[in-house]
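Protein sequence lines correspond, in order, to chains F and D.
In this text, residue positions in the first sequence follow this note's numbering: the first is 1, and each later residue adds one.
In this text, residue positions in the second sequence follow this note's numbering: the first is 1001, and each later residue adds one.
Simulated from the structure, these hints should not be mistaken for laboratory data.
Virtual Cβ for every residue (Gly too), placed ideally from N, Cα, C.
Where hints are given, some of them may not hold.
Output of the computed footprint for chain D on chain F, the stretches with three or more beta carbons under 8 Å from beta carbons of chain D [claimed, not checked]: (1) 19-30; (2) 114-127; (3) 138-148; (4) 167-174.
For each label pair, taking beta carbons as the anchor points, the in silico distance ranges come out as [unchecked claim]: (5) D:1016 to F:90: 53 to 63 Å; (6) D:1085 to F:42: 44 to 54 Å; (7) F:60 to D:1131: 15 to 25 Å; (8) D:1013 to F:20: 44 to 54 Å; (9) D:1067 to F:65: 33 to 43 Å; (10) D:1095 to F:163: 23 to 33 Å; (11) D:1087 to F:163: 13 to 23 Å; (12) D:1095 to F:162: 22 to 32 Å; (13) D:1031 to F:20: 13 to 23 Å; (14) D:1126 to F:27: 22 to 32 Å.
Subject to a maximum C-alpha distance of 30 Å in a straight line, what follows is the list of computed DSBU-like cross-link-like pairs (lysine-lysine) [claimed, not checked]: (15) D:1063 to F:68; (16) F:92 to D:1072; (17) F:92 to D:1063; (18) D:1072 to D:1088; (19) D:1081 to F:68; (20) F:92 to F:68; (21) F:92 to D:1088; (22) F:92 to D:1081; (23) D:1088 to F:68; (24) D:1048 to D:1072.
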Amino acid sequence: MVNDQAQMYTLEGFAAGVLMLITAYLVLGTTTVYTPGDVHIADMQLEQLGSDALAMMDTPDYYGDTSKLENIILGQSYSHAWFYANFTESLKRITESTDTCVNDLQYNASVYYRTDSGEVASYPLSSSIRSDLVSREPAVRVTRWVSVDADTANIPGIPAADQRDPQLLLVEVLLWRG
Amino acid sequence: MERLNDEGQWIVLMGFMVCVGIFFLALIITQSTVVGQTTSEAVLEFPKTEIQDTRSEIIDIAKDWETYTTAKRTNLMDDLKVISMARKNAVVECSITPGAVNDSYYSYTRIIIHYNNGVTEYDETFLLSQPLSQPIP
Chain F
1 MVNDQAQMYT LEGFAAGVLM LITAYLVLGT TTVYTPGDVH IADMQLEQLG
51 SDALAMMDTP DYYGDTSKLE NIILGQSYSH AWFYANFTES LKRITESTDT
101 CVNDLQYNAS VYYRTDSGEV ASYPLSSSIR SDLVSREPAV RVTRWVSVDA
151 DTANIPGIPA ADQRDPQLLL VEVLLWRG
Chain D
1001 MERLNDEGQW IVLMGFMVCV GIFFLALIIT QSTVVGQTTS EAVLEFPKTE
1051 IQDTRSEIID IAKDWETYTT AKRTNLMDDL KVISMARKNA VVECSITPGA
1101 VNDSYYSYTR IIIHYNNGVT EYDETFLLSQ PLSQPIP
C-alpha cells in the first residue's frame, strides 16, 4: 500500500533538487564564458597599443616633414632595425617596463600595395619572430595608411613596374603575446 | 502514527530566503561576465582607428588634389578602394571637389567620405578651407 504521508518533505526535496541543478548549470556556464571575455579585454588593449605605436611612427616631427614610417618604407634614413627597436619600445613604454612573460609582445609587419594590374600584393617589412618560438597566442591586427610622396619613388620591396608617385600603401601589423 | 512536525517554520522560511538570495547573486555574476565580454567585443569590432586613419589620409590627399594629374588622382583613389576592400573588407568611396563652395575669404574643397565594412557605416561631408589669394571685396 502506498503511503501518502510526508508529502511536504517530498515537495521540498524536489524544489531543492531543481534549485541545485539550476545553480550548477549557472556556475558551469559562468566559467566557460569567463575565459573568452578575459581574452577579449586583453586583445582590446593590445589593439589600442599597436595602433598608437603606429600612429606615433607615422607622425612627422614637424609639419611638412616625412614621417619615420614613410622613411623606413622608402629605405632612407631609418632602417628596418630601427622599426624593430622603436616599435617594440613603444609597445612596452609603461612605468617600470620589464620583459616579463606578460609583457613579451611579438609582431609581424607587412606592407600591402596595389600592383599595376590591380591586384593586391605584399612584402614583409619587419618581424620579431624568434627561432625558439613553439606556440603563439591569437593575434590582433592593426593597420596604418602611408602615402609615399617622394618624387623619385624607389621603394625597396616593390617591383619598379608597380611603383607610382604618389602611392598609397597599407602597413599591416599582427600583434600577439608570445 | 507520527504527525508532521510544524515547529521551526521561521527557520525553514529563512533558509528558503537565503537560498533565493544566493540564486539571484549567481544570476548577477553570470550577467557581469557576459557584459565584460560584449563590451570588449564591441570595442574590438568598431573600426575607430581605421576610420580616423582613412579620413586623415583622404584629407591629406585633398590638400594636394589640384596639383595632381587625372591619372595620379585615379591611381590614389584606386589604391584606397582596392586595398581597403582586400585587407579591411571595407567599401571606401570618396569624392573630392575643389572650389565647391566659396565665400569672400575662402574657397572650400568638398570631401565626401563613405566607409562601410558591413558592421559599421560612416559617412562624412567635410569642407576643407583654403584662403583666397585675392579676397572678394
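Now for the hints, and whether the structure bears them out:
Counting residues of the stretch 19-30 of chain F whose beta carbon lies closer than 8 Å to any beta carbon of chain D gives 7, which reaches the threshold of three, so the coverage claim holds. For a cut-off of 8 Å, the count of residues in the stretch 114-127 of chain F with a CB near a CB of chain D stands at 3, and the three-residue condition holds. For a cut-off of 8 Å, the count of residues in the stretch 138-148 of chain F with a CB near a CB of chain D stands at 6, and the three-residue condition holds. Counting residues of the stretch 167-174 of chain F whose beta carbon lies closer than 8 Å to any beta carbon of chain D gives 5, which reaches the threshold of three, so the coverage claim holds.
In this structure the hint that residue 1016 (chain D) and residue 90 (chain F) lie 53 to 63 Å apart at CB holds, the actual value being about 58 Å. As the Cβ distance of residue 1085 (chain D) to residue 42 (chain F) is approximately 30 Å, the hint placing it in 44 to 54 Å is violated. In this structure, residue 60 (chain F) and residue 1131 (chain D) meet the distance hint of 15 to 25 Å, their C-beta atoms being roughly 23 Å apart. The hint said 44 to 54 Å for the Cβ distance between residue 1013 (chain D) and residue 20 (chain F), and at roughly 19 Å that hint is violated.
Under the hint 33 to 43 Å, the C-beta atoms of residue 1067 (chain D) and residue 65 (chain F), about 19 Å apart, miss the expected range. Hint check: residue 1095 (chain D) to residue 163 (chain F), Cβ distance near 26 Å, so the stated range 23 to 33 Å holds. Our hint of 13 to 23 Å for residue 1087 (chain D) and residue 163 (chain F) holds, since their Cβ atoms are close to 19 Å apart. Checked against the hint of 22 to 32 Å, the pair residue 1095 (chain D) and residue 162 (chain F) passes, with Cβ atoms roughly 26 Å apart.
A beta carbon spacing of about 20 Å between residue 1031 (chain D) and residue 20 (chain F) agrees with the range 13 to 23 Å that was offered as a hint. Judged by the Cβ atoms, the range 22 to 32 Å given for residue 1126 (chain D) and residue 27 (chain F) is violated: they are separated by roughly 52 Å. Between residue 1063 (chain D) and residue 68 (chain F), the direct Cα distance comes to roughly 21 Å. Compliance with the 30 Å bound is thereby established for this hinted pair. Simply put, residue 92 (chain F) and residue 1072 (chain D) have alpha-carbon atoms about 40 Å apart, too far for the 30 Å limit, and the pair is violated.
Between the alpha carbons of residue 92 (chain F) and residue 1063 (chain D) the distance comes to roughly 35 Å, so the proposed pair goes past 30 Å and is violated. Taking the CA atoms of residue 1072 (chain D) and residue 1088 (chain D), the gap is near 23 Å; set against the 30 Å cutoff, the hint holds. With a C-alpha separation of about 25 Å, the suggested pairing of residue 1081 (chain D) with residue 68 (chain F) holds against the 30 Å cut-off. With a C-alpha separation of about 19 Å, the suggested pair residue 92 (chain F) and residue 68 (chain F) falls inside the 30 Å cut-off, and the hint holds.
Only pairs whose Cα atoms come within 30 Å are accepted, and residue 92 (chain F) paired with residue 1088 (chain D) is accepted, the gap being roughly 27 Å. The suggested pairing of residue 92 (chain F) with residue 1081 (chain D) is violated, with an alpha-carbon distance near 34 Å, which exceeds 30 Å. Distance check on the hinted pair: residue 1088 (chain D) and residue 68 (chain F) sit about 24 Å apart at the alpha-carbon level, within 30 Å; holds. Of the pairs offered as hints, the one joining residue 1048 (chain D) and residue 1072 (chain D) holds, with about 28 Å between alpha carbons and a cut-off of 30 Å not exceeded.
Violated hints for the displayed structure, listed by number in ascending order: 6, 8, 9, 14, 16, 17, 22.
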